[in-house]
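*Asks:* Please construct the entire structure, taking both the sequences and the accompanying hints into account.
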Amino acid sequence: MIERIVLRGYRRFAHLDIRPIPGMNIIVGDNESGKSTLIEAIALALTGKINGRWAVEELNPFWFHSKDVAEFFAKYGSDQSTQPPEILIELYLRNEDPLQRLRGVHNSSGTDCPGVRLRVTPSDAYAVEFRDYLTSRPPPVIPVEFYAVEWRDFADQPLNQRPKELAVAFIDARTIRSTSGVDYHTREMLSEHLDSSERTTISLAHRRARQEITDSVLGPINQRIASAKSSLHDRPMGLQMDQSSRTSWETGVVPQVDGIPFAMAGQGQQASVKVALAMSRTAGSTCLLIEEPENHLSYTSLARLLARIEALATKDQQLFVTTHSSYVLNKLGLDRLLLLHDGRPAKFAALGDDTVAYFRKLAGYDTLRLVLARKLALVEGPSDALVLERAFRDATGTSPLDAGVDIVSMGGLTFKRALELCACLDRPAVGIQDNDGQSSADILESVGHLLDDSKRHLIVSDPDYGPTLEPQLAAVNAEGALRRVLGVTERADLATWMKNNKTDVGLRVLDSTEDIVFPAYIQEAVALLR
Amino acid sequence: MNCLTLAVAGGRKTQSIVDHCAGAAQGRRILVLTYTQANQRELDARLSRHRPLLASVDVQGWFSFLLSHWVRPYLPRRFPQRRLRGLNFDGDPGQYATGEPRFLDAEGRAYKRHLAQLALDTNAACASAVLDRLHRMYDEVHIDEVQDLNGYDLEVLAALMQSPIELHLVGDVRQALLRTNAHDPKNKQYMGIRIKAWFDVQASAGLLEISHASTTWRSNQLIADFADSIFDASWGFEKTISENSSVTDHDGMFVVLPEHVATYMERFDPLCLRHSVSSAVSLDLPFSNIGVAKGRSADRVLIAPTKPMVDFLCKRKPLGDLAACSLYVAVTRARASAAFVSDLGGKLGLPVWTP
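Protein chains in written order, with the working numbering: chain A, 554 to 1083; chain B, 451 to 805.
Among the hints, a few may not be true.
Subject to a maximum C-alpha distance of 20 Å in a straight line, what follows is the list of computed SDA-like cross-link-like pairs (lysine to any residue) [to be verified]:
#1 A/K717 / B/Q476
#2 A/K717 / B/M587
#3 A/K628 / A/L687
#4 A/K717 / B/E659
#5 A/K717 / B/R586
#6 A/K717 / B/L504
By construction, these hints were calculated from the structure, which means they are not laboratory data.
The model shown is predicted, which means the values in this text are computed figures rather than measured ones.
*Replies:* As C-alpha cells, this is what we get:
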C-alpha cells in the first residue's frame, strides 16, 4: 500500500507531497491540474515504464517542471545560478513483511520504510559534455541525453524490473484497437491474472498446436517444395509455423466478451473487462490506477462498473481513480477525494460519515461544481440562480461566470451539507436562503460552525418581506415596473402568477432590459461575491 | 533456537543445506550464506538440480550479505547523505583512520577490512532496523562453512543469534583454514580452530545448540582414523565413523619415495596437494594448494608435506593450529588413499609404497 507520494520537478508538479489512504483514492481537479500526471508518475515509479516503454527511452525535456527549467536557464552563469533541474518520484510503502526487500532510508525524508524511487539527474558520465553544452548558449531546453534515469528501491538497490512484490494495473480509457488485439497494459494484467502453472499449460498447448500445423499440414507441402528445391535455392527450404517469442501465446490469446474478441467489443465493455481483470488478480498488494472510468460509458454501465469496483475492492488493493464525473465521486465516496489544484493538493479535512452516505444517495448531484469552483454561490433553485446572475451583472458589469463565480442550485441538497463540504475544502462560498417564515437567527444557528466571516456566509432573506424570493421581489419593486419586467398584464394577479411561474420569473428578470431593484439580501450576497 | 552442526570432513555439510532447502515447505523464505565463491557456486549448482523449489531460496556470499542487507539500506543513518558504491576488497585506510574514512574510501566503497564493523555500526545507528528487516524477509538463515568467520564477523554472527532470526550454522572447525578477515584483531583468541571455544561460549549463554555429526561418507576408516589422530584428545572431538566401505587395491595412508612419484602418478592419478606455491618446488606435479582444495573430493591424494607435518609424522611433534587444520583438510580430500611424498620413507610411520 502506498502511504505517501512525493513528486519533485515532474511536469506540473514543482513539489507534491500527498498521503493517499488505503482503498479508494479519487483524484479530481480541473483540466490541466495534473490528475493524469499523478497517475502516470505512480505507474512510472512502480514499473519503471511509461506507456509500456522504459523511462530512459521515453525521457524528454517536457518531463521537467517548466518553472524549474526557465529559472535554471535564466540564472545560468549568474551568481544566483541554480542546480540543473531534476526529477524525483518517490512512493513510500507501508512497512509490510513482503515488502522488506525494498526497505531502507534512501528517500528524500530519510524515512525507514519500503519504497521505490525514480530520479532523473544529470549523468556523471556526461558531466563535461553537459557543461560544454551549457556554455554554448543553448536554447532553454533540457538536454536529456546528458541525463540518467535512476530507478532504485529505498534500500538503494537498483531495480531493473517491477519488483515482484508490487502488482500494478493501469486502466486508461484510451481506444483499444491496436493490431496486437490487446494493449500493453491489458496484456500485462492478463498474464498476471493467470498463475504460473496455468501460463505454462497455455504456453505448451499453444506451441504444440503450432508444431502440429508444421508437422501435419505443412509436412506434405514441404516435401513438394523439397522436390522442387533446385529451382528455388541450393539448400532445402520449407515452411514452418513461427515458434519465436514474437508469436508467444500472449499475443495470440485475447480476452473475449460474450464471444466477441476484446478489441472488437465496445469501449465501455473493454473498460469493464479491464477493471474486472485487474481487480480480481490474486497477487498480494495491488495498486490499481484507473483513468476516468466515466469515459465511453453510459450512465447505467457506469453505475454497474462502479458497483463492480466496490464489490471487488479488497483491503489489499489500493485504487487511484481520476474522474471528471460528480457521479463517480459521489458514488465512490466523497471522503476519498484527493483534490488537485494547479499541481498542488487541496487540504481536505475529514467529512462526516453521514454526509458521505448522503452524497452517495444523491449521486446525481453535481458535487464537482462545489468542489472545483473558485467562488461559489449556493442558491435554492433555478429562479434564485437567474435572479442572482442578473443582480451580479447589474452591480459589476460582468457575468458571474466571467468573474469566476459559479452559481449552483441546491437541487435537493441542504445548505448544511453543501456548507460542510465547502468547509472541509476550505472553499469560499455564499449561500442565499429563503427564510420560509423562520427568523434568520434560527436558521443560522444550525450551520454557524460551518461559516467563516472571511470566506463562508449564509444570507437569509428578511421574513418581513415575505417567505420566498417572489414576494421579496414584489416588496422592493413598484408593481407597475415589475409587471413590465415580467410581462404580466393587469388581468392576472401578480403574486399568484409569480408563485406559479417561478422559473419564468427568473428568466424574465435575467433577460429584461428594465431596471430592477433587488432585495437587500441579494444585494448583500452580490457584495460578498464580487 | 539457533543451531550449529559441527560435522567432520565428508560429513555432507553442504548437502544437508541443499536437502533442507529442497524439502522446505511452500513459501518458506530461506537465505543461505557462505564465504567462498567456490562454495557459493557449488550451492547454486546443487540447488538448481532441485529447482523449481517450493521454498524461495537465496544464496549469497558473506560480504555481499553485509553490503546489501546491513550497510546499503541504512548507510545514511550512519553517515548522512552517503551511499554505498561498492566494496574495496584490498584497500587499507590505515590503522589510525577514524570515522567515515575508516570505513569508506574516496569513491564511497566500503573497505572489506572493516566491513563487519561498519555493518554493526549501521545497525546500531538505525536502532536495529537491519535485523528487523532481515527477520521479516527470511524465515531462516543458513550459514555454511561458518568456521571461516573471524574478527568482527563473529560480532555480526552474535547479533544475528540474539535477534529472532532462526539461524542454522554448519561447519567443521578442523577445516578452519580460511579467514573472512585475516587482519582483523578483534576476537583474536577465537581465530581459526579456536572458534570452537567461541561457539561453546554462545552455547553456554543459551544462544546456540551444538550438535556433532561424526560420520564421513568420503574417506575410508583408515584415512578417518589418521585424520582424527592429528588433533590430540584435549580438543574433545568425537571419533569419526566412516560409511565408505568400498575396497580398492590401494587403501589407506602411505609414503611415496620421490623416485617413485612418476610411477605412482601414472598408476593412481592422485590429486596433488601442497601448502602453497613456495612449497615442494623440487617436485614438478600438477599441485593444488590445500586451502583451495577445501570442499573437493578425490579417490586418491598425494601430499607434499611441510617440515612441521614431517616432524609430526616422524616424532609425533604436535602441529600448530593452522598446520593441523591444513593437514586435516589435505588427507580428508581422499576417499581411498592418501600418500605423502618423502625421502624419509618408513620413518614417517606409514607403509611405504613401492611399484
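*Asks:* Under the constraints set out in the numbered hints, which ones does this structure not fulfil?
*Replies:* 4
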